[in-house]
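Residue numbering for the sequence shown follows the numbering used here, beginning at 42 and increasing consecutively.
Since the hints were made in silico from the structure, they are not lab data.
There may be inaccurate statements among the hints.
Quick list of the computed label-pair ranges, beta carbon to beta carbon [what the hints assert, rightly or not]:
1. 61 with 139: 51 to 61 Å
2. 229 with 283: 30 to 40 Å
3. 171 with 278: 24 to 34 Å
4. 61 with 157: 43 to 53 Å
5. 189 with 211: 20 to 30 Å
6. 135 with 209: 15 to 25 Å
7. 59 with 264: 13 to 23 Å
8. 189 with 229: 17 to 27 Å
9. 268 with 213: 47 to 57 Å
10. 169 with 192: 32 to 42 Å
11. 212 with 171: 53 to 63 Å
Bear in mind that the values here come from a model prediction, so they are computed numbers and not experimental data.
All C-beta atoms in this analysis are idealised placements derived from N, C-alpha and C, irrespective of residue type, glycine included.
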Amino acid sequence: RCCLPSESAMSGIAKICGQFLRSVSLRTTAAAPYNPSLFTRISPLTAAPATFAMWNLGSVREMRHGKRRGGNIGRDPKHRKALLRNQVTDLIVHEKIQTTLAKAKELRRLADQMVTIAKQNTLLARRRVGDVIFTDEAIQKLFAVLAPRYQERNGGYTRVLRCRTNRLGDNAPMAWIEYVDRPGELREAKPPASQLPYSKMLARAEEAGDAERVAYYKGLQEQAILAAQARQSRIQAQQLVRRAAPPAVPAS
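Use the sequences and the hints to build the structure in full.
Here it is in structure tokens:
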């Protein structure tokens, strides 16, 4: 016959287990009713200690390994990266391609990011773009054509339009992805939003008829516009200095 622990010993063990489970952030539920038939062979206790509880292991927060935002489009990470690099290169060259809807949604993020980086027009930007785009032709077109075209736009450079019919064979939904503001686009794009700073507060003050607040927000708006212009001029001057500076000669 096995040696059974006392009730005080079981209470101590339950206390230690409770502290351990609380340390790993598990959630407890209400104490389960004692079933004597489960302890007839191993314990003479007539009631289970109140400190024992049923633990809901389904509430444990698991880590999000391999569960990135969006889909993996049925590829492993290396294949997925190579596929998107090929597609964004073709999209920059042709400015419109047809692919599946899932691939088009994933490609849109990368295509917009390439234009945002190219608008900086620096050596570092060219190196970052060169890590993604394969051909020199696409890189040259990105900096010479696409980046100047979208200087007034803050995002939203591409459009995804779903096709009416699915692909024959596997019935996959198809879509067109294209750059906007180009001749021959599938649908005319909306003009870029030119929202000035403090415009919402200024509109509310004008609706309320408060002349003092209107003058105050107009002054803040003018200051923000002048600061943005000064910052842009400073960045352009720094770029000119970098281009005019002679290349550094390594010390022998």
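Now the hints, each set against the structure:
1. 61 with 139: 51 to 61 Å: Since the Cβ atoms of residue 61 and residue 139 sit about 57 Å apart, the hinted range of 51 to 61 Å holds.
2. 229 with 283: 30 to 40 Å: Cβ of residue 229 to Cβ of residue 283: about 39 Å, so the range 30 to 40 Å holds.
3. 171 with 278: 24 to 34 Å: With a Cβ separation near 26 Å, residue 171 and residue 278 satisfy 24 to 34 Å, so the hint holds.
4. 61 with 157: 43 to 53 Å: holds (49 Å)
5. 189 with 211: 20 to 30 Å: violated (40 Å)
6. 135 with 209: 15 to 25 Å: Given about 23 Å between the Cβ atoms, the range holds.
7. 59 with 264: 13 to 23 Å: violated (59 Å)
8. 189 with 229: 17 to 27 Å: For residue 189 and residue 229 the Cβ distance comes to about 20 Å; the hint holds.
9. 268 with 213: 47 to 57 Å: Check passed, 50 Å falls within 47 to 57 Å.
10. 169 with 192: 32 to 42 Å: With a Cβ separation near 19 Å, residue 169 and residue 192 fall outside 32 to 42 Å, so the hint is violated.
11. 212 with 171: 53 to 63 Å: violated (38 Å)
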